[in-house]
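Asks: Using the hints, build the complex out of the two chains.
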Amino acid sequence: EAQVTQNPRYLITVTGKKLTVTCSQNMNHEYMSWYRQDPGLGLRQIYYSMNVEVTDKGDVPEGYKVSRKEKRNFPLILESPSPNQTSLYFCASRLAGGLNTQYFGPGTRLTVL
Amino acid sequence: AQSVAQPEDQVNVAEGNPLTVKCTYSVSGNPYLFWYVQYPNRGLQFLLKYITGDNLVKGSYGFEAEFNKSQTSFHLKKPSALVSDSALYFCAVSPGYSSASKIIFGSGTRLSIRP
Chain Y
894 EAQVTQNPRY LITVTGKKLT VTCSQNMNHE YMSWYRQDPG LGLRQIYYSM
944 NVEVTDKGDV PEGYKVSRKE KRNFPLILES PSPNQTSLYF CASRLAGGLN
994 TQYFGPGTRL TVL
Chain L
5 AQSVAQPEDQ VNVAEGNPLT VKCTYSVSGN PYLFWYVQYP NRGLQFLLKY
55 ITGDNLVKGS YGFEAEFNKS QTSFHLKKPS ALVSDSALYF CAVSPGYSSA
105 SKIIFGSGTR LSIRP
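Top line first, the protein sequences correspond to chains Y and L.
Numbered according to my numbering, the first sequence spans residues 894 to 1006.
Numbered according to my numbering, the second sequence spans residues 5 to 119.
Extracted from the complex, chain L is given alone in its bound form (with noise of 0.2 Å):
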């Protein structure tokens, strides 16, 4: 079955830090592979997204994620955390190019920034 994993409930980073949010997922095919971040009574929001190409993706709010084939992960990172980044992350993986492909989502990382 198709799958995407997110196996921190939660990531505890102090500000200035680098920080890495983990996600990995098991589709067949070459997927393409998103990142989402939630900030509290808001809708999702676009991160980043891998289709093909440079295996490390630059995204919104200098975030960045590197896609690894061999390890089927996209993990999502910042070189240096800040308050404001606390939020609600997903990540979510499309199995193909088709109109009805299905995004799956991650259960969702909860980023806290400590001052």
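So that you can see chain Y by itself, here it is in the shape it has in the complex (with noise of 0.2 Å):
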């Protein structure tokens, strides 16, 4: 089944202990990107990557650090957290191109208390 993954679905951590939320696509999609979701916000993007190796910052990209080692994994670290990182994380995927639709995984609920 062709799909986007993420772990873990759920977190609560403290503030300063650092994390790593996993995102894996099984589609040989070029593209990946990491979403907050804050309501009344919509989405915002934090990072994303255009092909292995090659990634760079959205919108709000202050906090965050990614990689991009292989084509299908790109992995959302927090360094550092803070409360203020306290959101609903997904991790989606598409093909090169801009008219192409993208997929997204099921989302990571993080609270930084």
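Don't read these hints as lab results, they were simulated from the structure.
Owing to the predicted nature of the structure, the values given are computational and were not obtained by experimental measurement.
Treat the hints with care, as some may be off.
[Unchecked claim] Straight-line C-alpha distance at most 20 Å; calculated PhoX-like pairs for lysine-lysine: (1) Lys-62(L) - Lys-81(L); (2) Lys-106(L) - Lys-950(Y); (3) Lys-53(L) - Lys-81(L); (4) Lys-62(L) - Lys-26(L); (5) Lys-106(L) - Lys-958(Y); (6) Lys-106(L) - Lys-53(L).
Replies: The following block contains the structure:
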């Protein structure tokens, strides 16, 4: 089944404790992206990657890191999480080209205490 | 600046009635337009998109959307609402074909269908 998977689905952590949210897709998509969803703000892009070893900042990159060492994986790293990073996070992927549909993972709900 | 607006935070419709969820955009050139739906505790699911051609686009679950270039709108419609259509709907715009084209999302409209 073609899909984007994320782990964990739910995470409660404390300020400053490094964490990684994994994202993997099995559709051989070149483009991958991370979003955060906050009430009333819609989806805001954190980072994106156009292919292996090619990543760039989105609208809200502060406090986040990413890597793209393999085409299928695009982990999101929070080196020192803070309470304002409490949010719902989505990973997405698509083929190259802005007209292509994005496929979303199920989301990771992160709470930073 | 490029943007997408969904002017209604919430739309309430009785089951069986037609529904419309509004979306307007401000993007230069010829954009690609999308609608996604989010059910509780789920990721976003693709509903439909406009690339080129016929202004009326048909998608999943009986939804359709009409692209209106002069009004820069892409409203989502369904002739007869179902309770199961209750969800959060997002309009999105991609400014161009480039792989780097960033999709811009609206803030979402919560659709509530009452029995």
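Asks: Now look at each hint and say whether the structure bears it out.
Replies: Hints versus structure:
1. For the hint linking Lys-62(L) to Lys-81(L), the alpha-carbon distance of about 10 Å falls within 20 Å, and the restraint holds.
2. Between Lys-106(L) and Lys-950(Y), the direct Cα distance comes to roughly 11 Å. Compliance with the 20 Å bound is thereby established for this hinted pair.
3. Restraint check for Lys-53(L) and Lys-81(L): the C-alpha separation of about 13 Å stays at or below 20 Å, so the hint holds.
4. Straight-line distance between C-alpha atoms of Lys-62(L) and Lys-26(L) comes to about 16 Å, which keeps the hinted pair within the 20 Å bound.
5. Taking the CA atoms of Lys-106(L) and Lys-958(Y), the gap is near 18 Å; set against the 20 Å cutoff, the hint holds.
6. For the hint linking Lys-106(L) to Lys-53(L), the alpha-carbon distance of about 15 Å falls within 20 Å, and the restraint holds.
Violation of the numbered hints given earlier is absent; every hint is satisfied by the structure.
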